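Undergrad: Listed here are the chains, written in short residue letters.
Protein chains: 6
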Amino acid sequence: MSDRLAEFRAFRERMNERILEAGNLEIKRFFALDTRTYEAGALPVRTKELLGLVASMVLRCDDCITYHVVRCKEEGVTDEELLETFSVALVVGGSIVIPHLRRAVDMLDRVNAGDLPAEAGQG
Amino acid sequence: MSDRLAEFRAFRERMNERILEAGNLEIKRFFALDTRTYEAGALPVRTKELLGLVASMVLRCDDCITYHVVRCKEEGVTDEELLETFSVALVVGGSIVIPHLRRAVDMLDRVNAGDLPAEAGQG
Amino acid sequence: MSDRLAEFRAFRERMNERILEAGNLEIKRFFALDTRTYEAGALPVRTKELLGLVASMVLRCDDCITYHVVRCKEEGVTDEELLETFSVALVVGGSIVIPHLRRAVDMLDRVNAGDLPAEAGQG
Amino acid sequence: MSDRLAEFRAFRERMNERILEAGNLEIKRFFALDTRTYEAGALPVRTKELLGLVASMVLRCDDCITYHVVRCKEEGVTDEELLETFSVALVVGGSIVIPHLRRAVDMLDRVNAGDLPAEAGQG
Amino acid sequence: MSDRLAEFRAFRERMNERILEAGNLEIKRFFALDTRTYEAGALPVRTKELLGLVASMVLRCDDCITYHVVRCKEEGVTDEELLETFSVALVVGGSIVIPHLRRAVDMLDRVNAGDLPAEAGQG
Amino acid sequence: MSDRLAEFRAFRERMNERILEAGNLEIKRFFALDTRTYEAGALPVRTKELLGLVASMVLRCDDCITYHVVRCKEEGVTDEELLETFSVALVVGGSIVIPHLRRAVDMLDRVNAGDLPAEAGQG
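Chains as they are written, first to last, in numbering that gives the first Met the number 0: chain Z, 0 to 122; chain X, 0 to 122; chain Y, 0 to 122; chain D, 0 to 122; chain E, 0 to 122; chain R, 0 to 122.
Among these hints, one or two may not hold up.
[Said to hold, decoys possible] In the DSSO-like style, the derived pairs of lysine-lysine whose C-alpha atoms are separated by at most 27 Å in a straight line are:
| # | chain 1 | residue 1 | chain 2 | residue 2 |
| --- | --- | --- | --- | --- |
| 1 | Z | Lys27 | Y | Lys27 |
| 2 | Z | Lys27 | E | Lys72 |
| 3 | E | Lys27 | R | Lys72 |
| 4 | X | Lys72 | Y | Lys27 |
[Stated by the list, open to error] Chain R is faced by these chain E residues, among others (derived, beta-carbon under 8 Å):
| # | residue |
| --- | --- |
| 5 | Arg11 |
| 6 | Glu12 |
| 7 | Thr34 |
| 8 | Val44 |
| 9 | Cys60 |
Hints listed in this document are in silico derivations from the structure and should not be mistaken for laboratory results.
Keep in mind that this is a model prediction, so the values were computed, not measured.
Backbone N, C-alpha and C define an ideal beta-carbon position, used for all residues, glycine too.
Model the full structure from these sequences, guided by the hints.
TA: Shown next, in the form of structure tokens:
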């Protein structure tokens with residue numbers, strides 16, 4: 000796994016744990032609900048992950064994009080499908096999305112080059 | 000077709016025509032690209048419409064939501080699938096999405112109650 | 000109660016009910032969590048309502064602003080305190096907030112002129 | 000002047016007056032600063048109005064767009080220049096800008112069809 | 000004081016000074032107004048800082064969040080009150096806020112572990 | 000050229016090339032359209048770059064701001080004109096823009112201190 004990806008994961012996991020231990024019930028419930036929302040229902044998991052990805056991209060959140068790119072790859076989404084999802088985000092969200100697109104493709108290359116991370120964490 | 004839906008369509012079609020006639024090449028190309036982006040590719044049209052819908056919802060654009068809800072229904076998306084798409088938008092975008100969710104469900108009810116509009120226009 | 004305020008409430012209540020009956024569990028849980036978040040805790044209800052108001056204002060959601068202005072008045076927040084909350088929203092969010100400020104003050108005048116609505120609904 | 004434009008102006012002027020009389024000093028200063036920012040400096044007024052217009056458009060604020068379209072026409076900006084400004088907003092902000100573009104062009108047509116409003120107000 | 004916090008402060012102070020010396024009157028007035036807005040009025044300083052914090056969080060600005068977390072601690076806000084403020088931001092702004100929540104809690108831990116910075120700067 | 004500026008350029012150019020080679024036609028067309036939009040028309044290039052800059056600033060995209068600051072300097076925009084453009088962004092977008100203003104002025108200082116980069120790339 001690339002250094003940047005590993006660092007991102009370590010920080011996310013450490014802080015998620017720290018936040019869940021902090022004892023605020025609303026935040027804990029939000030995290031549980033967030034996980035639940037991407038589980039299989041009428042729509043399969045991979046479609047839901049694509050939805051999470053495009054939403055993260057138009058809202059321009061690099062960490063969320065990284066998370067959903069990794070999850071999409073875990074669910075077997077192809078690079079071509081990811082690029083089409085990026086194209087929807089780009090057209091809906093405009094050129095302001097381009098810097099995030101650059102980082103998303105860079106992250107995708109890192110994921111493709113290395114091992115897929117094994118666990119699926121929060122947000 | 001409900002009055003509100005009919006009014007929305009009429010204004011959209013009239014203004015799209017007006018804008019395309021105004022002679023700005025970049026705007027014309029953007030409109031063409033926008034249409035193209037939702038055509039079948041590695042991802043089927045219905046998945047792309049769901050992507051357009053969730054992006055519109057987290058960016059909180061009622062007209063865009065209405066447009067994609069109509070298109071999703073034309074593509075045979077079920078109400079249950081739409082509700083799951085709404086739930087992703089709600090969790091990603093937060094309670095600020097709720098007023099748009101109310102209007103989206105209201106629009107869905109109007110679409111379900113009436114005839115489906117026949118044409119698929121711009122944006 | 001002013002017509003605009005009454006209309007807003009009627010639509011909100013009707014659609015909230017419609018949405019909760021639609022059977023999507025994640026949306027139901029989100030609505031429950033949303034209500035819970037404004038209940039008294041380490042911070043009193045009126046501070047939480049002010050937080051909800053300023054967040055709604057910088058995110059520029061008129062329906063959310065209306066809802067929290069009504070709730071703030073129910074909790075005994077003074078007009079002077081509301082204006083200071085508006086001033087924080089204006090300085091943080093910029094002149095783009097001004098049209099929402101105009102509608103917020105108009106809504107505040109309507110609330111002050113009429114009876115306070117009795118119930119506290121969703122979002 | 001078209002009805003919609005006249006209504007917009009009347010509400011804006013009435014509420015601006017109401018807000019300035021409400022006695023919150025920070026809000027008053029913000030309004031004064033807002034006016035000042037568009038006065039001639041190193042950049043001429045018409046360039047500053049174009050800047051205000053494109054910023055309003057990517058932030059998707061219809062009232063702000065209407066205000067700046069009117070001001071641009073008062074400053075002698077041509078329709079072709081306005082369309083190019085719209086095209087920058089569209090490419091930067093994406094298809095989510097299209098519904099606002101439709102309303103902006105509609106408003107421009109109303110301004111072109113009628114008398115230009117005489118005064119230049121707040122925000 | 001942690002390195003990251005110290006670095007943030009040093010850059011902010013150096014650039015604020017640089018900007019105020021640049022001679023643009025509107026920017027100077029905005030900075031003065033920004034400071035003024037958080038001074039005691041009908042609402043106490045600590046409530047205003049909580050308002051600034053929640054607004055910064057839903058608008059997802061890490062530097063602004065850091066600034067207001069530090070100011071809140073200076074004003075004696077407890078960690079429990081901060082967590083409830085975070086929960087309002089999370090529910091209003093959605094899961095897109097989570098990466099900022101992680102960094103906010105990390106920053107809070109750094110502030111709690113070290114000396115509180117003595118000065119209160121701009122924005 | 001400063002290290003940070005050089006690094007930014009290298010990553011942008013490498014990833015733009017990578018993205019254009021990835022074979023998604025919609026993304027390629029968007030990139031072409033993006034370039035075209037800033038070419039001379041009814042409005043001169045320097046005005047269009049100022050429009051791109053203010054739009055990037057209110058949407059708070061550091062990479063886009065850096066790109067347009069560099070392009071503005073290449074087009075002979077003065078520091079005083081840039082500061083006025085920043086002031087419009089600040090007043091329209093609010094204090095949430097301040098951290099980006101700090102980084103923009105820092106980047107402007109780096110551009111002024113070094114050689115101007117020779118090429119004009121994408122987004």
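Undergrad: All hints, please: hold or fail.
TA: Quick rundown of the hints versus the structure:
no.	hint	verdict
1	Lys27(Z) with Lys27(Y)	holds (16 Å)
2	Lys27(Z) with Lys72(E)	holds (23 Å)
3	Lys27(E) with Lys72(R)	holds (23 Å)
4	Lys72(X) with Lys27(Y)	holds (23 Å)
5	Arg11	holds (7 Å)
6	Glu12	violated (10 Å)
7	Thr34	violated (10 Å)
8	Val44	violated (16 Å)
9	Cys60	holds (5 Å)
Consistency with the previously given hints fails for numbers 6, 7 and 8, ordered from lowest to highest.
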